[in-house]
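**Student:** For this one, chain A is given, so just place chain B on it according to the hints.
Protein chains: 2
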Amino acid sequence: MAGAEGRRARPTGGEHEASDHAPRDTVPLELVDRWWRAANYLSVGQIYLMRNPLLDEPLARDDIKPRLLGHWGTSPGLNLVYAHLNRAIVERGTPTLYVCGPGHGGPAMVANTWLDGTYSELFPQVTTDREGMARLFRQFSFPGGIPSHAAPETPGSINEGGELGYALMHAYGAALDNPGLVVACVIGDGEAETGPLAASWRGHAFLDPETDGAVLPILHLNGYKIANPTLLDRIPESELVDFFRGHGYEPLLVTGGFDGEDPMAVHARMADAIDVAYDRIAAIRADAAAGAFAARAARWPAIVLRTPKGWTGPRVVDGVQVEGTFHAHQVPLAGVRENPAHLAMLDDWLRSYRAEELFDDDGRPVAELDALRPSGALRMSASPHANGGIVRPIELPPTRPHALDVPSDGRGLSGEATRVFGAWLADVVRENPDTFRLFGPDEVLSNRLGAVFEVTDRVWAEALHPLDEHLARRGRVIEALSEHLMQGLLEGYLLTGRHGLITSYEAFIHIVDSMFNQHAKWLESAREVPWRADVASLSYLLSSHVWRQDHNGFSHQDPGFLNVVVNKQAEIVRVYLPPDANTLLATMRHVFGTRNRVNVVVAGKQPQQQWLSPDEADAHVGAGLGVWAWAGNEPGFDAGDPGASLPDVVIACAGDVPTVEAIAAAQLLRLQLPALRVRLVNVVDLMRLQDRSRHPHGLTDEEFDAVFTRTQPVIFAFHGYPSLIHQLAYRRTNHANLHVRGFAERGTTTTPFDMLHLNDLDRYRLALDVVHRVPGLASRPRVEELVEEWQAARTAARAYAYEHGEDPEWITGWRFEVPRGE
Amino acid sequence: MAGAEGRRARPTGGEHEASDHAPRDTVPLELVDRWWRAANYLSVGQIYLMRNPLLDEPLARDDIKPRLLGHWGTSPGLNLVYAHLNRAIVERGTPTLYVCGPGHGGPAMVANTWLDGTYSELFPQVTTDREGMARLFRQFSFPGGIPSHAAPETPGSINEGGELGYALMHAYGAALDNPGLVVACVIGDGEAETGPLAASWRGHAFLDPETDGAVLPILHLNGYKIANPTLLDRIPESELVDFFRGHGYEPLLVTGGFDGEDPMAVHARMADAIDVAYDRIAAIRADAAAGAFAARAARWPAIVLRTPKGWTGPRVVDGVQVEGTFHAHQVPLAGVRENPAHLAMLDDWLRSYRAEELFDDDGRPVAELDALRPSGALRMSASPHANGGIVRPIELPPTRPHALDVPSDGRGLSGEATRVFGAWLADVVRENPDTFRLFGPDEVLSNRLGAVFEVTDRVWAEALHPLDEHLARRGRVIEALSEHLMQGLLEGYLLTGRHGLITSYEAFIHIVDSMFNQHAKWLESAREVPWRADVASLSYLLSSHVWRQDHNGFSHQDPGFLNVVVNKQAEIVRVYLPPDANTLLATMRHVFGTRNRVNVVVAGKQPQQQWLSPDEADAHVGAGLGVWAWAGNEPGFDAGDPGASLPDVVIACAGDVPTVEAIAAAQLLRLQLPALRVRLVNVVDLMRLQDRSRHPHGLTDEEFDAVFTRTQPVIFAFHGYPSLIHQLAYRRTNHANLHVRGFAERGTTTTPFDMLHLNDLDRYRLALDVVHRVPGLASRPRVEELVEEWQAARTAARAYAYEHGEDPEWITGWRFEVPRGE
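Protein chains in written order, with UniProt numbering: chain A, 1 to 822; chain B, 1 to 822.
Please note that the accuracy of each hint is not assured.
Stretch by stretch, here's where chain B covers chain A in the computed footprint (C-beta under 8 Å, at least three residues) [unchecked claim]: (1) 157-164; (2) 434-445; (3) 717-727; (4) 745-759; (5) 798-806.
These are calculated hints, taken from the structure and not from any lab test. All values derive from a computational prediction rather than experimental measurement. Cβ atoms here follow ideal geometry from the backbone N, Cα and C, with glycine treated the same way.
So that you can see chain A by itself, here it is in the shape it has in the complex:
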């Protein structure tokens, strides 16, 4: 056996302690090599072949797919890692998850899951035999088939191979609360250049080696991206070692396969590195169990695997070096159907794997490979962690103990919505002690969710200081100043069957727009995969929103995440704008119970007037929108049949601050123009505005018309960009009468009322809008006076703020003065 002597050779570079691991060499490396060759063969087959999978006949033009799509370059490396991890699992029984960063290695991941047998279990038509192999090949990157990158369709995958950068954060998220699990994460050297990946290296700062799993990063340096070398491949090796140590890892360097080196020598080095890494992880765990982790000293192991891009593929094609260069990135032989020389090279290439040693006469993997196949759920492709499968349903404690007791006349109570929610969130954390986590970019306290620190802490594996507050070796809260990392950890946590919440300042959640997109697309695709289990929804709580950036300026004022969200499939996305604390409670209780969705909830943290009792809030969230008759002025209104009466005008609102302004405007009108019939509508579930044919939460046209009328002016005070309301409601009967106020992209560091003034969303402006939109009203003499008065009030309020640095008392101190029960 070629590699036997080299077997226990030390991986080069990077110090590490002598391993105390007693070799359990039950799997000969020759078998690892065989698995690797089989996976390579299957990878190439998927890229090229339509039929004749085992080359029973001489390879012919018609065996070749007409469009050659796929990525060969990364595949042999991914296959090598898979084979070696299988060996570690078989020898040790350590449950291991494979997170594949080089997403375009779809052919590799699919090949291994087919060798595992999992593929045929999940896709019975793709049998583990010659015919199944032919199907496996043909379906890859083929219309009606499977995508070219790791995707929800790929068994064992929790990482979409589309946009790169999220593999390592997904791995760390998967490891949380999974003691005993090893998450092996292959990171391409291209992906390693992305910001999100770079922010992930320190994921171990939030890991408890005793109660969490471990992550084993495997940086695959194959040297090239699409058409460029990679940075980490071209720096001095000493700098690379520093790089890993500087991130808290001890790297194990495995280099090989260059200049025709015998793969068996590489197998020996790789096997040793894997052994050392698993041993090191076991040692760190044992130390932690013995209490030694209290003073963080351990460096986690990481493997650097440096092999040629497209290793074992064609070396030179048409005089151009392909193996070991970026030319191996996609399809090394592009002209196979047209060029007989290329066809012959492909034939040689495929035969170089010696399929006769890999597959039996029926096209099944040879029996010897059974020894390298972990059993049942230990197969990485069959890991229950990789297929959602909610570990335990979330326990939702009652919200009532935390609800605000809103006085029946609505007077005199001020509440901070997120603070009220935070108290209930603490209960959620307590009731779900190892399946719920809270993630935030250092804004949990700022967003007034501090009550959670009464029941838990922030987890922190780095140094602790005596003055630290709510920071400990264990905790259910993770905070780092990276929205990317928070989102990625939560995604990994959810996709492995658990529950959680991410909170952020509203403006900065745009940082993860593309991560939201990728996750939503994952959920959209997963709906079509019958064996994919439900996962808990990804829920955002966005606070410190556009209207209350008293501390901050224009750069913090952006409500546009909602626009990104509504573009995704209606089955997936929900947007909620609870107007007060009790509706926020009702909303969050609802969204935590949902599955396979993305829920976006926007709620303020500042003290403000409260509107709904707990019962009313529950009913309002259930309905999604409703007429608040007590805030309007519509004699004869019948809640059971809103279409039966016809107001002169509808004032609608969505969002906590716009709701205050809308109610205030309605009050101004009621006091000054008591004959004007005003209906106030509050929208908490934004998708209600869309047509039911477009969104499952949408109102029918009849329902919509009953609330918003078919004919009367509607003044809509909206939290976000006004065009979003038009985008949702443009099909509605009364759309031509819909006038929306919202964020008009004007802002600075200023007072709350001045922000409303700047964007024409203040109460006076809304009341003026009503006057101008109700036919004939503006020209009445009494009204003309009012118009002047309200315009003067706006100007005066602003002048007061500019003079005194605050909103005038009669603005900030404004309360809902008209008793609700009238």
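**Tutor:** Relative to the frame of chain A, chain B by itself:
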């Protein structure tokens, strides 16, 4: 002088060569300390004081702002760096730019620019005297005043202190093509946790020490974010050194100010570190000039400054440790107006700076400080680099030599739009040899812009291999697999007066949504700052778009960036969808000449039918949209008066692939229903659809109605999400008749026609839409047959693709068969 002995002490930690720098100690450190104290005084004053700036009277409640907003914690560190950089500039004359990462250090940056005298030059009402100081204090974070973070209003700033993460990439972008410049970049230890910042450390891989400036990163470890410690502050110091070395830097560690240490000792260490860093930079430059850089060996210097958060502020407030903890992050004394004890502490705090040594009786900085103030444009606050000021207008070579010669009958010419543009882009690079750069996330070749490599290379300071292609020590193209880094470098390059382009796959540009937002907000705010000079527009070329992801799958299919873009102020944003190569050329020539905008151009790279001659393309881009009479069927149409005739239906299109389908649909209709009057409208400038009152490019209602009619059905084939067209056009007369097809969020790895089919955007669907929308048409017998035929054609095309793996010849090979000149 307290620090004199310690002056030449070696900074602790981190090896570095002995400095060969001959001390030019013309500025005593006592003066540096005085500047620092003055800046600290002015920082505190801005946060707290409305009046009584020099404490001439005992501090009273009414001197205090009613709302205390601002961030003290980072300010003393920023001030320290500023004072020490001033010393280096005065002693060496090295032009230096200060990029302030901790954006909330607004008070610090403003304080120093006022001490520089620049502030009063740019804002004459804020004089350099007592009255001006009072204005300076009052305006900070005050309604009608200035924001609390570094912003366009801040002299010397090119980095908005809103969303964190972009300081270091802005610094590297500023350094490019600025030989001799040092860009000192202060990075907060919070910001250092973000992904984008983490991706920036390797910015020096794209720097040529001879022809570019240098970046001096200064990591400010004050230990805390909003409410958490920072990761880099809590790792072992040896790991921190490894971290820097692993990124190619030699760190100079400066620690001090803890436990009441005399600041003079810290000044000595900091002065030494700055001297060593400047010397090292000079040495690297000299080596490079001597040719030594060819083998990259040098480590760039970096400074790690570890001082207490809120240093020199209140130590303990109400029994809680404040200095040196996160409690110093914002306003350390929050109850000053209500709490006389806090008021007294503030008084002590302010007086601790000994204002009488800092300002003269008139409130001017004392004359001694003149010695630390660089002269004129050497002041960092007055650096011409920091105020746009386009260095040279872009040279735009003629496009005609590269334009495609489209046959007059439109037949038989296939072109790849981006490849054609690439050839012209090479000319642009050649004509602007040191003021234009191209940035891309390893997609320049993939997006078929490879012609630029005939005139330049990719710049690469890491190892070069013999097989490398278009990679060199100098070049005008920068590529790394980080959209963040590419965007950030370009922003830094543009804001310092140069020109450039970023190219990306369309779907993945969402990665920089929030960076786009921040840059657009910068431009929006800068319009209000009279002294800000024009900057070149930020232009995106998005290719590999949603409709041609043949290689890739659903994760690569997302046209939603346009939705993000249109939310920004109309004065800033432009969106172009050129339908062929010549319109792309005309579009790019236009956008390169614009200023202070963000231009988004979406264009495909795949071979497709060409439509417009160069002259027609220029005219079409100038008009923004137009009727293509030759593609429709509207006898009597008058191009000079489109409203004079009335078609039965309008087929509109925007985007290259939708244009092909729209023209094909019109052809189907013309051949099959020759009596049907069809008008085809192509939209290249999307903002034309918006109302002129909303967007400067918008059509008036009259113009719009003349083209789209007031009454007839409009079938709109759109590149992106259909709702975007409704969002732009909902105010138009004929909106109720507007039916938009576009990306319906359905996709996978499949053929181009199947993608259209999946999203109901194919030619047959469009023709069917016409049939269903033109009143009475669908029920005619002949049409009923057509409907069946077209539906069958769709199904057959799909079945063919699913069977054969490609689109049928009669789809992909489709050509514009009807001569244009008819």
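**Student:** Decide, hint by hint, whether the structure agrees.
**Tutor:** Verification of the hints:
Counting residues of the segment 157-164 of chain A whose CB lies closer than 8 Å to any CB of chain B gives 5, which reaches the minimum of 3, so the coverage claim holds. Closer than 8 Å: that is the beta-carbon criterion, and the segment 434-445 of chain A has 4 residues meeting it against chain B, so the requirement of 3 holds. Requiring three or more residues with a Cβ within less than 8 Å of a Cβ of chain B, the coverage given for the segment 717-727 of chain A holds, as 5 such residues are present. For the segment 745-759 of chain A, the stated coverage by chain B is satisfied: 6 residues place a CB nearer than 8 Å to a CB of that chain, which reaches the threshold of 3.
Against chain B, the segment 798-806 of chain A contributes 6 residues with a C-beta closer than 8 Å to a partner C-beta. That satisfies the three-residue criterion, and the hint holds.
Hint violations for this structure: none, all hints satisfied.
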